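A.B. asks: Take a look at the letters that make up each chain.
2 protein chains.
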Amino acid sequence: MIPVNPDRFLQDLHSLRAIGASGVGKGVVRPAYSAADIEARDWLAQRMIDAGLTPQFDPMGSLFGLVEGPSLLMGSHSDTQPEGGWLDGALGVIAALEVARAAKESGGPPVSVVSFQDEEGRFGVTTGSAAWSGVLPAEKIGALTDPKGITLPEARAAMGDRLGGWVDPKRFTGFLEMHIEQGPLLDQTGGKIGVVEAIVGIRDRVIRFEGQQNHAGTTPMALRRDAFQALGRFNTLINERFRNVVTPATVWTIGHVSLHPNAHSVVPGKVAFSMQWRDGEAERLRRMEEIIRESAEEVAQAMGMTLAFGPMLGVEPVAMDRAMRSALAEAAEAEVPEQWRQMPSGALHDASNMARLMPAAMLFVPSIGGISHDFAEDTAEADLVSGLNVLARAVARMPASTG
Amino acid sequence: MIPVNPDRFLQDLHSLRAIGASGVGKGVVRPAYSAADIEARDWLAQRMIDAGLTPQFDPMGSLFGLVEGPSLLMGSHSDTQPEGGWLDGALGVIAALEVARAAKESGGPPVSVVSFQDEEGRFGVTTGSAAWSGVLPAEKIGALTDPKGITLPEARAAMGDRLGGWVDPKRFTGFLEMHIEQGPLLDQTGGKIGVVEAIVGIRDRVIRFEGQQNHAGTTPMALRRDAFQALGRFNTLINERFRNVVTPATVWTIGHVSLHPNAHSVVPGKVAFSMQWRDGEAERLRRMEEIIRESAEEVAQAMGMTLAFGPMLGVEPVAMDRAMRSALAEAAEAEVPEQWRQMPSGALHDASNMARLMPAAMLFVPSIGGISHDFAEDTAEADLVSGLNVLARAVARMPASTG
Numbered sequence: 093m094i095p096v097n098p099d100r101f102l103q104d105l106h107s108l109r110a111i112g113a114s115g116v117g118k119g120v121v122r123p124a125y126s127a128a129d130i131e132a133r134d135w136l137a138q139r140m141i142d143a144g145l146t147p148q149f150d151p152m153g154s155l156f157g158l159v160e161g162p163s164l165l166m167g168s169h170s171d172t173q174p175e176g177g178w179l180d181g182a183l184g185v186i187a188a189l190e191v192a193r194a195a196k197e198s199g200g201p202p203v204s205v206v207s208f209q210d211e212e213g214r215f216g217v218t219t220g221s222a223a224w225s226g227v228l229p230a231e232k233i234g235a236l237t238d239p240k241g242i243t244l245p246e247a248r249a250a251m252g253d254r255l256g257g258w259v260d261p262k263r264f265t266g267f268l269e270m271h272i273e274q275g276p277l278l279d280q281t282g283g284k285i286g287v288v289e290a291i292v293g294i295r296d297r298v299i300r301f302e303g304q305q306n307h308a309g310t311t312p313m314a315l316r317r318d319a320f321q322a323l324g325r326f327n328t329l330i331n332e333r334f335r336n337v338v339t340p341a342t343v344w345t346i347g348h349v350s351l352h353p354n355a356h357s358v359v360p361g362k363v364a365f366s367m368q369w370r371d372g373e374a375e376r377l378r379r380m381e382e383i384i385r386e387s388a389e390e391v392a393q394a395m396g397m398t399l400a401f402g403p404m405l406g407v408e409p410v411a412m413d414r415a416m417r418s419a420l421a422e423a424a425e426a427e428v429p430e431q432w433r434q435m436p437s438g439a440l441h442d443a444s445n446m447a448r449l450m451p452a453a454m455l456f457v458p459s460i461g462g463i464s465h466d467f468a469e470d471t472a473e474a475d476l477v478s479g480l481n482v483l484a485r486a487v488a489r490m491p492a493s494t495g
Numbered sequence: 093m094i095p096v097n098p099d100r101f102l103q104d105l106h107s108l109r110a111i112g113a114s115g116v117g118k119g120v121v122r123p124a125y126s127a128a129d130i131e132a133r134d135w136l137a138q139r140m141i142d143a144g145l146t147p148q149f150d151p152m153g154s155l156f157g158l159v160e161g162p163s164l165l166m167g168s169h170s171d172t173q174p175e176g177g178w179l180d181g182a183l184g185v186i187a188a189l190e191v192a193r194a195a196k197e198s199g200g201p202p203v204s205v206v207s208f209q210d211e212e213g214r215f216g217v218t219t220g221s222a223a224w225s226g227v228l229p230a231e232k233i234g235a236l237t238d239p240k241g242i243t244l245p246e247a248r249a250a251m252g253d254r255l256g257g258w259v260d261p262k263r264f265t266g267f268l269e270m271h272i273e274q275g276p277l278l279d280q281t282g283g284k285i286g287v288v289e290a291i292v293g294i295r296d297r298v299i300r301f302e303g304q305q306n307h308a309g310t311t312p313m314a315l316r317r318d319a320f321q322a323l324g325r326f327n328t329l330i331n332e333r334f335r336n337v338v339t340p341a342t343v344w345t346i347g348h349v350s351l352h353p354n355a356h357s358v359v360p361g362k363v364a365f366s367m368q369w370r371d372g373e374a375e376r377l378r379r380m381e382e383i384i385r386e387s388a389e390e391v392a393q394a395m396g397m398t399l400a401f402g403p404m405l406g407v408e409p410v411a412m413d414r415a416m417r418s419a420l421a422e423a424a425e426a427e428v429p430e431q432w433r434q435m436p437s438g439a440l441h442d443a444s445n446m447a448r449l450m451p452a453a454m455l456f457v458p459s460i461g462g463i464s465h466d467f468a469e470d471t472a473e474a475d476l477v478s479g480l481n482v483l484a485r486a487v488a489r490m491p492a493s494t495g
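Which chain is which? The protein sequence lines are A and B, in order.
In terms of the working numbering, the first sequence is residues 93 to 495.
In terms of the working numbering, the second sequence is residues 93 to 495.
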C-alpha cells in the first residue's frame with residue numbers, strides 16, 4: 093500500500109473548494125474556463141510542482157501533472173456544474189494528487205495526475221477528455237457553443253498562454269478515476285466502495301405523437317385523438333414489457349414532456365417527450381429499443397396518431413478493464429471487508445473516453461442521499477479516506493501491464 | 093312559422109365577417125373592445141334601426157336591439173377569439189336579427205336581439221352576460237385584466253359614450269340562442285340540428301405530485317419517486333374507474349402538464365397537471381371528483397409522493413327550459429325529420445348566465461370537422477338556413493309564458 097496521508101488529502105480538498113465557493117453549504121461554482129476554474133487549475137499546477145510532478149496544460153485546458161517515463165494516469169476533473177458540489181470531479185483529482193505524491197515520496201510506482209477540462213459539459217459532454225481521446229473530432233471543437241452562445245475558443249482564450257500541446261497518451265499504462273457515486277445505491281445499502289463494472293450505454297430519443305387538437309368540452313371521449321392519452325398508454329406498455337428484459341441496474345426515464353397547446357380546456361393534439369434508457373450491455377439496450385418502437389407504433393395505430401421518432405443519441409456502454417477491476421476489488425475487500433460492491437456507473441465520466449486510449453477503471457464512494465449537481469452534495473470524510481486507501485492499495489497491486 | 097328571409101340572413105352574416113376579416117379563409121379577428129369589435133357593433137346597431145328595433149348599449153358594451161313591451165330575447169355575441177371563426181357567436185346574433193326583423197315585418201311575436209360583449213373571455217368567461225346576470229359581481233369588474241395586463245375599464249373606454257344603462261331583464265320572457273356546435277357530434281353522425289338539454293357543469297383543478305428529483309442515470313428504478321410515473325398511474329386509474337360512472341356525453345381531460353425540471357437526464361421530481369371534467373349532472377360530477385381524489389391519494393401513498401390539490405373551479409350544470417326545448421324539438425322534427433338530436437352543450441355559452449334571469453334554451457347546427465376557435469371554422473350554408481328555419485318555427489310555437 094502506498095503510504096498516503098489522509099489529512100493532507102482532506103486539507104487539499106478543502107483548499108480547492110475555497111476557490112469558487114458558492115457561500116451555500118460546501119457548494120462550488122467553477123464552470124469550465126471561468127475565472128474560478130482557471131484559478132483552481134493554477135493552484136493545482138503549483139501543488140503538482142510541490143509534489144515533484146511537471147504540470148502541462150493541453151490545447152483544451154486539461155491539466156496534466158506528469159512523471160517521467162511510463163506511468164499510471166489518475167484523475168478526474170476540477171470544473172463544476174453552474175451550481176456544483178465540492179466533490180464531483182475534485183475528489184478524483186485530489187485523490188490522484190495524493191497517491192502520486194505519496195508514491196513519489198516513497199519510491200512507489202510512477203503515477204501521473206490529470207484534471208480534465210469541461211467534464212460537466214458547458215460545451216458538450218466530457219469535452220476535454222473527449223477531445224483528447226478523439227471521440228470529439230478536432231475539427232468540431234471550434235464550433236461548440238455554450239447555452240449562452242459563447243464559443244469554446246472564445247471561452248478558452250481566458251486560459252491565455254497556459255495552453256500547450258497534446259500529451260502523448262502512449263506514455264500511460266492505464267487510467268484510474270475515483271468519483272462520488274452521484275446516486276443513492278451505496279448510501280442506502282450501507283456500502284462504502286463501489287467497483288465499477290461498466291459505464292452504462294445511453295439511448296435517448298424524442299418521440300412525438302400527433303392526434304387532433306379539440307375543444308375539451310365539446311369533443312366526446314369516443315371521438316378524441318388525445319396525444320396525452322397516447323403517451324399514457326405508451327408509458328404503461330413499456331413499463332409492462334421491459335420487465336422481461338431488464339436487470340435491477342437498468343434504468344429508463346421519461347423526463348421531458350411537452351404538450352401542445354397545453355391548456356386546461358383543450359384536448360392536446362401533440363406531445364413530444366424524451367425517452368432515455370441506460371444499461372451496461374448493448375444487447376439489452378437494443379432489445380429495449382425494439383420494445384419502445386413496437387409499443388409506440390401499436391399505440392399510434394390503436395389511437396389514430398401519427399408517430400415520429402427524433403434522432404437517436406447513442407453512447408455505447410464501456411466495460412472497465414478486468415485486471416484493474418480485480419486489483420480494485422481486492423483492495424476494497426482488504427480495506428472495507430464486505431462493505432463494497434460491483435456496480436455499473438449510470439453516469440458518464442472521463443473514464444468512458446479514456447477506455448478508448450488505455451485500460452481504464454473507476455471507483456465510487458457513497459453520495460449522501462444520492463445528491464449531486466447541487467450545493468448540498470456531500471460524502472462522509474471517513475468514506476473519502478476509505479476511497480483514498482483503496483486507491484493506495486490497488487495501485488500497489490496493479491498488474492505490471494497497467495502500471 | 094315566422095317568414096324569415098334566408099338570403100338576407102346569409103348576406104348579413106357575410107357582411108359581418110368582413111369586419112375584422114383575418115384574410116385567412118373566412119377567419120375573423122374581433123376580440124372584445126377592439127376597433128373591429130366596436131365597428132361590428134356599430135354596424136349591427138344600424139341594422140337594428142333598419143329593422144325597427146331600438147339599439148341600446150349596456151354598461152359592459154353588450155348591444156341590445158329592443159322592441160317595446162315584453163318580448164323574447166334572442167342572440168349570442170359578436171366578439172371573437174383572437175383567431176376566431178366567422179360563425180361562433182355571430183351566427184346567433186344575425187339569426188336573431190333576421191327572426192326579429194321578419195317577426196316585426198309580419199306582425200309576429202315580439203322579439204328583441206342581443207349581442208353580448210366579451211363572451212370569448214378576454215376578461216374572464218362570458219363576461220358581458222355574466223355581468224348582466226349578476227354571476228360576475230359589479231364590484232369585481234374594475235379589477236379584471238386581459239392576458240396583457242390591460243384592465244377591462246381601460247379597454248372598455250374605447251366604446252366612449254355609446255355605453256348606456258343596464259337593460260331591465262324583466263322585460264324579456266325568455267332567451268333563445270342559436271350557436272354552432274363547436275364539436276364533431278352532429279357532423280360525424282349526419283345530424284342537422286341539436287336541441288340542447290343542458291349546458292354542462294365544469295370541474296377543473298390543478299393536481300400536483302411531488303416526489304424526488306434525481307439523476308436519470310444513477311438512480312435505480314426501485315429507489316425512484318418519479319412524478320411523471322405518478323401522473324401515468326393516476327391517469328390509468330381514473331380511466332378505469334370512470335367507466336362505471338360516466339355516460340357517452342361525459343368528458344374529462346388532462347390538457348396541461350408541467351414537469352419539473354423537464355430534462356431528459358433528470359428523474360422528474362414534480363408534476364402539476366390540469367384535471368378537468370364536464371357533465372350535465374351535478375351528482376355525476378361529484379362522483380367523478382371522489383374517484384379523482386381517491387385515485388390521487390392512492391397513487392401518492394403507493395409511490396411516496398406528496399399530493400396537493402389546487403382550488404376547484406366549479407361551474408354548475410344548467411338545464412335548459414323544458415317548454416322552450418319542446419318547442420325547439422317540434423320545430424326541428426318539422427324542419428329536418430329524424431336528422432336532429434337532443435344533446436348537452438359541452439361548452440359554456442351566454443345562455444348559461446341567462447338561465448339565471450329567465451327561461452333559456454339553445455339550438456346547435458353542425459360544425460364541419462368539429463372545428464371552432466380557428467380561422468377554419470365553418471358550417472354548410474344549407475345547415476345555417478335549417479337552423480334559422482327551426483328558430484322561425486319554434487318562436488311561433490313558444491308557449492305564451494316565454495314569448
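These are calculated hints, taken from the structure and not from any lab test.
Just to be clear, a hint being listed does not mean it is correct.
Chain copies aren't distinguished; within one or between two, either way the pair holds.
[To be verified] Straight-line alpha carbon distances no greater than 30 angstroms define the calculated DSS-like cross-link-like pairs of lysine-lysine that follow:
(1) Lys118 x Lys362
(2) Lys118 x Lys240
(3) Lys262 x Lys232
(4) Lys362 x Lys240
Since we're looking at a predicted model, the values are computed, not measured.
A.B. asks: Hint by hint, say whether it matches the structure.
C.D. replies: Hint check results:
1. Lys118 x Lys362: For Lys118 and Lys362, only the inter-copy Cα distance (25 angstroms) is at most 30 angstroms; the intra-copy one is 43 angstroms.
2. Lys118 x Lys240: within (27 angstroms within a copy, 43 angstroms between copies)
3. Lys262 x Lys232: Only inside one copy: Lys262 and Lys232 sit 24 angstroms apart there, 77 angstroms across copies, limit 30 angstroms.
4. Lys362 x Lys240: Both ways: Lys362 and Lys240 sit 28 angstroms apart in one copy and 26 angstroms across, limit 30 angstroms.
Hint check: no violations occur; every hint is consistent with the structure.
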